[in-house]
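Trainee: The primary structure of each chain is shown beneath.
Protein chains: 2
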Amino acid sequence: MNSLEGRLQRCAINTATLGHREPLGTTLDRIARAGFGGVAPWRHEVEAVGATAAGRQLRALGLTVTGYCRSAYFAAPDEAERKANMNANIQALNDATEIGAQCFVLVVGGARGVKNGLAGARAQVQDGIGELYIEARKLGMPLAIEPLHPMYATDRSVVNTIRQALALCESIAPDDNPMLGLAIDVYHCWWDPDLVSSIAQAGQAGRILGYHVCDWLPDTRHMLMDRGMMGDGVVDLQGFRGLMEQAGYTGMVEVEIFSAEQWWKLPQDKVLSVCAERLQSVC
Amino acid sequence: MNSLEGRLQRCAINTATLGHREPLGTTLDRIARAGFGGVAPWRHEVEAVGATAAGRQLRALGLTVTGYCRSAYFAAPDEAERKANMNANIQALNDATEIGAQCFVLVVGGARGVKNGLAGARAQVQDGIGELYIEARKLGMPLAIEPLHPMYATDRSVVNTIRQALALCESIAPDDNPMLGLAIDVYHCWWDPDLVSSIAQAGQAGRILGYHVCDWLPDTRHMLMDRGMMGDGVVDLQGFRGLMEQAGYTGMVEVEIFSAEQWWKLPQDKVLSVCAERLQSVC
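Residue numbers (this note's numbering), protein chains in the order written: chain A, -16 to 266; chain B, -16 to 266.
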């Protein structure tokens, strides 16, 4: 396996990594100037400037859009909210197309407040992705289900393993692998006893649409906002990328770090330079 | 499935639920007085009064000891610590026998600081349980591996699913199901997409040695110390017990709640009365 040294053009920055502290235009300029080849922006950022303007700037900077973050939840406590979320997701597909995203990232929603709890939420997610998939096909915009760590099953996502996400893909779009697949994030999946076989299976199915890195810190202080910089935690990042590449993944390596107390307090250019250094040394 | 109404004799209290705020003797008296049939005490409590005295009181009160909590870690950063932990575990087996515990509960240790990280820790765990199992057989003391939630893979346990724990059992003690099995805790396992088949498989293998309940709270504020009282969270507790009983489990239902900011601040007898009420209404 080749190291990422000298290959920042194969690396992307998820804008959450910089803490969403400034307008998208400034963020995109910084990321391109730092030498990265790609970016994953968030809906609220793109909507603030408009997808047309965002798309124009992205093309001018030559940045690949590795993914558009992220869906509203498919699992919802009531029909009105479910419907509003679905409409937001359909609108987001148009914006994803406008900015040239490689995929629209799906975070599916948790069990909280949903009728029949976990089982009910999982059923709603299956139905909801099926519904959005029909719209996505019309636009040719691939959907990437992101399995989230099991600790988010209540508040954020009832899809919690690669294998579970793969089963959803096979069930909803059995013969359409480029259009419904997975975004695989080390933070969510590194602990999985079935990691090796799951990634291989996802690759074999042609369903891997994205790869996100950060690190898991010992003594994590917050369940959402305390992800670590690559190299500061316990994840075997080179081993993980090896599995991804053996599975045929040739896409970008995207950094996504939520870190309210550490990295979001540092100057953005500093964060980008540490990302660049760590991508080339420990990923 | 029968409700637990009127069957507190089939229910047990893990002493952690009361916050370890008083000597074991007082705790045991409270639990028996409240009408529970069983208790799961912790090593530091039993060691403080001595296993002989603890055993004598437990027998006098007629309390079943559903499990003895818990092993020192099998995964360790260095050989000295690994060996010290193994010796502590062997001593604990003697104490478990002395107090008449139904099993010794194994929390296996996390990946943090261990050579080769997650993979290295999992190998150490396999070897360590194998070593302790030889001692446990001599004493006839069953070992119950407790899979912990994946969010503890760094700091507490690299065994994170029922299926993974079962594979360890089959590998270490293939023909000895009553002596090496699992303690299944809803907090750690409720999210698992393979829950139904995993519990069935564990039951078929004759490996279910314990069942722990609490609840998962929305907006969990602390990764260790914010478990919920049964009924206050999202877990389908009656559904879960149904799976356990379909799998042939006839043992006790043990309440284990770590709750530094809520339940551990209330009077112990109040906590016990709420446990009794919830066991009989929502479990």
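Each hint should be verified, as a subset may be incorrect.
Copies of the same chain are indistinguishable here, so a pair counts whether it falls within one copy or spans any two.
Simulated crosslink set (SDA-like; lysine to any residue; CA at most 25 Å straight-line) [claimed, not checked]:
hint, residue 1, residue 2
1, 98, 214
2, 66, 77
3, 248, 204
4, 248, 206
The hints are simulated quantities; they were obtained by calculation from the structure and are not laboratory data.
Trainee: Each hint should be assessed against the structure and marked as holding or not.
Mentor: To see whether the hints hold, each was checked on the structure:
1. For the identical chains of this complex, residue 98 and residue 214 are inter-copy neighbours only, at 15 Å across copies versus 41 Å inside a copy, given an alpha-carbon limit of 25 Å.
2. Proximity of residue 66 to residue 77 under the C-alpha cut-off of 25 Å is restricted to the intra-copy arrangement: shortest distance 17 Å within a copy versus 60 Å between copies.
3. In this homomeric assembly, residue 248 and residue 204 come within 25 Å of each other (Cα to Cα) both inside a single copy, at 16 Å, and across copies, at 22 Å.
4. With identical chains, the CA atoms of residue 248 and residue 206 are at most 25 Å apart both within one copy (18 Å) and between copies (23 Å).
Every hint, counting from the list given before, is met by this structure.
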